Amino acid sequence: MCYDHTTFFCPFCFPSAVRVGLFVTCLVDLLRPRIGFAALKLLEAAGCQVIVPATQTCCGQPGYNSGERPGAQGLALKLVEEFADCDYVVVPSGSCAGMIRAHYPELLQEFPARREAVERLCAKTYELADFLVRVAKLEAVPGRFAGTVTYHDACAGLRELGVKRQPRELLAKVPGLSLVELPGAEQCCGFGGTFAVKFGEISTRIVDRKCQAIEATGADAVVLGDLGCMLNIEGRLRRRGDRRTRVLHVAEVLAGVDGEL
Amino acid sequence: MQATSMYFKARAREKLRDERLQQALARLQTNFVDARARAIAELPDFEGFREAAAQIRERALADLDLYLEEFEKNATARGAEVHWAATHQEAARIVCEIARRHGVRKAVKSKSMVSEECDLNAALEAAGVEVVETDLGEYILQLAHEPPSHIVAPVVHKNKDEIATLFEHQHRRPRQSEIEALCREAREVLRPHFLTADMGISGANFLCAETGSTLIVTNEGNGRMVTTLPRVHVAITGIEKVVPTLEDLATLLRLLPRSATGQSITNYVTLSTGVKGEGDLDGPEHFHIVLVDAGRTALLGTALQPMLRCIRCGACMNHCPVYQSVGGHAYGWVYPGPMGSVLTPAYVGLENALDLPHAATLCNQCGVVCPVKIPLPELMRKLREKQMERGLRPWPERAALRAWAWLAQRPRAYAWATRLGARLLKRMAGEEGLLHRLPFGGGWTDGRDFPAPAGKTFRELYRSRGGS
Ligand code: SF4
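Chains A and B supply the protein sequences, listed in that same order.
Numbering-wise, the working numbering comes out as the position in the first sequence, counting from 1, plus 467.
Numbering-wise, the working numbering comes out as the position in the second sequence, counting from 1, plus 1164.
Keep in mind that the hints were calculated from the coordinates and are not lab data.
Note that this is a predicted model, so its numbers are computed, not measured.
All C-beta atoms in this analysis are idealised placements derived from N, C-alpha and C, irrespective of residue type, glycine included.
Treat the hints loosely; a few may be bogus.
[What the hints assert, rightly or not] Some chain B residues near chain A, calculated using beta-carbon distances under 10 Å:
1. GLN1186
2. GLN1187
3. GLN1488
4. HIS1522
5. VAL1532
6. PRO1575
7. THR1582
8. GLY1594
9. LEU1598
10. PHE1604
11. PHE1614
12. PRO1615
13. PRO1617
[What the hints assert, rightly or not] In silico contact screen, one side only, chain B against chain A (beta carbon under 10 Å); selected entries:
14. TRP1248
15. ARG1395
16. PRO1485
17. TYR1578
Whenever a hint applies, use it, and build me the whole structure from the sequences.
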C-alpha cells in the first residue's frame, strides 16, 4: 500500500474499484431524492463503484424507536441481506447509519444465526461525510457555494457515530463557502421521529430555540446530515415566516446539486 | 405521592404557556449545564472516573443482598436499628411506628426523594406528628403545598417575587425582597424547630456497607442539624443506594456534585455512623435506618437493572430538551426528566405513565452526561417495547407502525405506495412547496409546515436514469 492510502482506496494500490452500497433511506427516497443523487455523485467522485440495491426500503428505525420490535427486526434482516455483498454501505443520514451500527446488534440478538452477518454489516456501514473523510479520503469536492452556511450537529450522527469534524472538513473544501459556527450546534432540534408528531407542541418549542440560533448567525443556509431534522427545522423556519434561510443536506452542498430536481 | 403521570401531555401544554416557568427553566439550563461542563473539565480523566463509578454501582447491584446484609450488620453493631420496607406504605408505617415508640411530636426533615415516594409527610401528620421541611427549597414548597419540580433544585420553578409573597403571607412579617433577607428570615423561622424537634428525618445519598454509615451531601447545613440535634434520627432510603467501601464513596463523591450543580464538592458531606457514643457531645440517641424496596428488587436481573445505578444527580434532566421545555411538574411524580421517564413507569406501573417513555427525542444527551453511564434512551425504548407488547399504546399508533413495517417489507408495493404518496403530497402542497396541514400529522403542522416532496421518488428517477 502506498504512503497516504492506508485503506483500500488508492486506485494505484488496488486497481478494481471498491463496491459501495448506497442506502438511500426511505425519507430521501420519498421526499428529497436529490440528496440520494448527491451522495451518488460524491461517492463516484471518490472513485467508488456505487451499487443501489433495488429492493431496499427502510432500516426499521420508526418501529424500533416506537417499541414495535418484530416489524423492525423484519426490516433489519432484510437490509442485512440486501447489502451482504458490498464492501461498504454508505448512508446519507446519521440516524439511519446509527440505527444500523449502534442498534442492529441489540435488535437482532434473537437471531444468533445472523450474528456474523450483522457484525460484518456494522463494521462496514458509514454515515456519508464520515465515509468520505475517514475512508475514501476525498480530496476535492465537486460543489461550490456562494455564501455563508452554519452547521447543525444532528444527534444520532454526533452521539452514535462521532460525526463532528468530518462534515466541517468537507465543507471547508467547497469553493466560495464560509462556515459560521452555530451556538448550541449539538443541542437536539426536537425532531425525534414520531416525537415531533406525538408531542408537537414540545417539539415546536425545542426547534424554535434552534431556529432562533440559526437566524442569529445570519447564515444563508443551515446544513446538516439528517433529513428528518431538516424537515423539522425547515418546517419551523417557514412557519416563523423565514423564507430566506435555506436548509440543505451536507451532500447537496458538497455535490453542488442543491438547485436541481 | 400520587402519580399523575397520565396527564403528561396536558400538563406539558400548560407549562409551555407559563412564561415565568419558561424563564426559570432557561436560567436553570445555563447555570447547571455550564457549571457541569466547567467542573468536569477540571477533573483529569473524567471518563475514567465515570467508568469506575458505573462499575462500583454495578458491582453493588450484582451482590445487592450481600452488601445489604453487611450494611445491616455493621450499622447494627454501632447501635443503629435497620428496618426493611417492601412497599411505600410499609415504609411510611414503619416511620410512624418509630415516632410513636419515641413519643415524637415534631419532626424536622432534610430532603429525601424516597420520603416523597412514600408520601411520608402526610402519613406522619395523620399520626399527629408535626413535620417541618428544612431545606430552603423544600420548606418553600411545604408552605406552598407543592411537590418539588427538580430533584436537586426543587423550587426552580418559582422566582424571588413569588417566594417573597409566600413568606409575607405565611410568616406574617414585613415583605423582604432581597434573596439574602429571605434566606435569613427562613433561617430565623427554622432555627427554633431544630431545637424543639424530637426526630430528625433525612435521606441517604449512599449507604456504606463496610462501615454501616449513611451519607448525605448538602449545601445548606440543615442536614447536619437534622442528623445530630434531635434525639431520634431516621434515615429513609432506597435499598439500591448501598456501595461496598468508603473508597468507593470517594469515587462517587467526585462525580455527584460535579454532575448535579457543577461543584467540585458540596458544602457539607455528612457520614452518620451509629448512635451517640459515651462522652460524645452530640448525635442522636436512637438511629433508625429504613431501607425501602418499593419496586427496586423487581428491576434486578431485568433490562432495567442499570437504572438502579442512578445516583440522583439530575444531570440527565438538566440536559434534556424536553425537561428544559416543560419542567418537572409535567412529569407527574417524584422523578422528572429522563430518569423519571424510566423510574416512574417502573415504580408506579407502565399503564399509569403511558406517555413518559415516549416523552423523549432519544437525542441521548442524557446518556452522555449520566455519571454512572445509564443508557437512558435504551431503557426508554425497552419500556416502549413492553407497552407495545402489552397492547397499551393507542391502536391507531400500533396499526400505523405495523402497516409501515408490512409495506416496507414488500419492495414492490412499497415502491408503488411511495410513488403515489410523493405525487399526492406534492399536489397538495402546490406552488409554495409547503404543506400547512398534514393528514394524521396535526401534531406536526400545528407548529410547523411540512416541506413537500419533490414529486418523484429516488428509485423512480434512478431507474429512469438507467440505474438498475
Ligand atoms: S440517571 Fe444518571 S444523570 Fe440522571 S440522575 Fe441518575 S445518575 Fe444522574
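Hints, verified against the model:
Evaluation of the B:GLN1186 hint against chain A yields a held restraint, the C-beta minimum of about 9 Å falling below 10 Å. Taking 10 Å as the C-beta cut-off, the interface hint given for B:GLN1187 is violated, the closest approach to chain A being about 14 Å. The closest approach between the C-beta of B:GLN1488 and any C-beta of chain A is roughly 8 Å, which is under the 10 Å cut-off, so the hint is satisfied. Given hint, B:HIS1522 at the interface with chain A, holds; its Cβ is 6 Å from that chain's nearest Cβ, closer than 10 Å.
For B:VAL1532, the interface hint holds, since its Cβ comes within 10 Å of a Cβ in chain A; the closest pair sits about 6 Å apart. A distance limit of 10 Å between C-beta atoms decides the matter here; for B:PRO1575 the minimum to chain A is near 4 Å, and the interface restraint holds. With its C-beta approaching chain A no nearer than about 5 Å, B:THR1582 sits inside the 10 Å limit, and its interface hint holds. Hint on B:GLY1594 is violated. Least Cβ distance to chain A is approximately 14 Å, over the 10 Å limit.
A least Cβ separation of about 6 Å between B:LEU1598 and chain A falls short of the 10 Å threshold, and the interface hint therefore holds. The criterion of a C-beta within 10 Å of any C-beta in chain A is met by B:PHE1604, whose closest approach is roughly 8 Å, and the hint holds. For B:PHE1614, the interface hint holds, since its Cβ comes within 10 Å of a Cβ in chain A; the closest pair sits about 6 Å apart. Evaluation of the B:PRO1615 hint against chain A yields a held restraint, the C-beta minimum of about 5 Å falling below 10 Å.
Proximity of B:PRO1617 to chain A holds as hinted, the smallest CB-CB distance being about 4 Å (cut-off 10 Å). About 35 Å separates the beta-carbon of B:TRP1248 from the nearest beta-carbon of chain A, more than 10 Å, and the hint is not met. With its C-beta approaching chain A no nearer than about 49 Å, B:ARG1395 sits outside the 10 Å limit, and its interface hint is violated. Hint status for B:PRO1485 relative to chain A: holds, with the closest Cβ pair at about 5 Å, below 10 Å.
The interface hint given for B:TYR1578 is met, as the beta carbon of that residue sits about 5 Å from the closest beta carbon of chain A, less than 10 Å.
Against the hints set out earlier in the document, violations occur for numbers 2, 8, 14, 15.
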